[in-house]
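Undergrad: The chain contents come next:
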Amino acid sequence: MKILIAEDDLTSRHRLETVLTKWGYEVVSCSNGKQAWERLQDTHAPQLAILDWIMPEMEGIEVCRRLREIDTQNPIYVILLTTQKGKENIVCGLEAGADDYIIKPFEPDELQARIRVGYRVLQLQEKLDNRIKDLQESLQHIKTLQGILPICSYCKKIRNDQNYWEEVEEYIFKHSNADFSHSICPDCYDKHVKPELEKL
Amino acid sequence: MEDKIVLDKDEALNMFEDDDEFFKELAETFINDAIEQMSVIAEAVNSLNSKAIQESAHKLKGAAANFGKNATTDTAFKLETLGKENRLDEAEEVYKILVKDVERLVNALKEFIE
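Listed in order, the protein sequences are those of chains A and B.
Going letter by letter, the first sequence gives residues 1 to 200 in this note's numbering.
Going letter by letter, the second sequence gives residues 1001 to 1114 in this note's numbering.
Hints in this document: simulated from the structure, not taken from any laboratory.
From a predicted model like this one, the values you see are computed outputs, not experimental measurements.
Watch out, some of these pointers could steer you wrong.
Within a straight-line C-alpha distance of at most 30 angstroms, the following computed BS3-like cross-link-like pairs (lysine-lysine) qualify [stated by the list, open to error]:
| no. | chain 1 | residue 1 | chain 2 | residue 2 |
| --- | --- | --- | --- | --- |
| 1 | B | Lys1069 | A | Lys87 |
| 2 | A | Lys22 | B | Lys1009 |
| 3 | B | Lys1051 | A | Lys87 |
| 4 | B | Lys1096 | A | Lys104 |
| 5 | B | Lys1051 | A | Lys85 |
| 6 | A | Lys104 | B | Lys1069 |
| 7 | A | Lys104 | B | Lys1100 |
| 8 | B | Lys1096 | B | Lys1078 |
Quick look at which bits of chain A chain B covers, simulated, 3 or more residues with Cβ under 8 angstroms [as the list claims (entries may be wrong)]:
| no. | stretch |
| --- | --- |
| 9 | 11 to 23 |
| 10 | 104 to 118 |
Anything over 10 angstroms on all C-beta distances counts as not near chain A; from chain B, calculated [to be verified]:
| no. | residue |
| --- | --- |
| 11 | Ser1047 |
| 12 | Asn1049 |
| 13 | Arg1087 |
| 14 | Glu1093 |
| 15 | Phe1112 |
The C-beta atom is built at its ideal place from N, Cα and C for all residues, glycine as well.
Starting from the given sequences, assemble the full structure and let the hints guide the process.
TA: Given below as structure tokens:
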């Protein structure tokens, strides 16, 4: 699992990198907020970020605000790591879009526990997203078969969305989970098969 | 002023989960970086730049805090506050105290490494 960290102080960044690596995480390390913002927009960006509040170029809180402006099904989980204490600062950080907040210098046990909470949230988010996609796909099928189907009065072919006439079996097979097993009903047997047999 | 904590080794080690090697490694990082950080702070104080004083003192405070509660974090916080509140007439004096605190912290860390 990848975690992005953004911390301008070398000693604090070194400590974070070492601790996270020891816990088995792959660390993407940044020394300012602007760098973090750019890395978080990569296609395979880490889904969890630990951001220092006060940094040069761009503050961690500004990175949070920008991340929350993005319309996505998989928002990045952000932990603000900072020396800023006090309720007002905590509220300000969370309202800017942070998911969690830890006061520096961090306690290793606390940080590890909060990262685990973050991953639980990300997993739930991913499951929910997959479930929604499945439901949307199912709804797509139901909608297609519930709508008005243009069918030929004679040959019973159905006109599809590309304005092409398809055999009814082919159309239903494509737009639902149903399949066909071919047989002959008694009426058609009398009307079509029997005369042919009598000719032999 | 002499009762200030230069470095509480037990607390510091506790923050590194009693990993001596990791503590020493980070102490070296701090010692090397402190020179650069102090020159940035000196420049900010000399040029009476309140924003630069606030930011550079804040950064040093965070760096020193990795070794537990100590005089450097307290003095850096004072200097940060002076920058934030634009009280530049007191900055020079607090800076001088900070220089001594950092020196003591660096010496204590060096002692621990050796």
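Undergrad: For each hint, tell me whether it holds in the structure or not.
TA: Now the hints, each set against the structure:
1. Lys1069/B x Lys87/A: Holds, because 21 angstroms separates the two Cα atoms, which is no more than 30 angstroms.
2. Lys22/A x Lys1009/B: Measuring from Cα to Cα gives roughly 22 angstroms; hence the hint holds.
3. Lys1051/B x Lys87/A: holds (24 angstroms)
4. Lys1096/B x Lys104/A: holds (25 angstroms)
5. Lys1051/B x Lys85/A: holds (19 angstroms)
6. Lys104/A x Lys1069/B: Status holds; Cα separation ~11 angstroms.
7. Lys104/A x Lys1100/B: The hint holds at about 24 angstroms.
8. Lys1096/B x Lys1078/B: Distance of about 12 angstroms is within 30 angstroms: holds.
9. 11 to 23: holds (count 5)
10. 104 to 118: Coverage by chain B holds for the stretch 104 to 118 of chain A (4 residues, Cβ < 8 angstroms).
11. Ser1047: holds (17 angstroms)
12. Asn1049: holds (14 angstroms)
13. Arg1087: For Arg1087/B, whose nearest Cβ neighbour in chain A is about 19 angstroms away, the distance exceeds 10 angstroms, so it holds.
14. Glu1093: Glu1093/B is indeed farther than 10 angstroms from all Cβ atoms of chain A, at 23 angstroms.
15. Phe1112: holds (15 angstroms)
Hint compliance for this structure: every hint is met.
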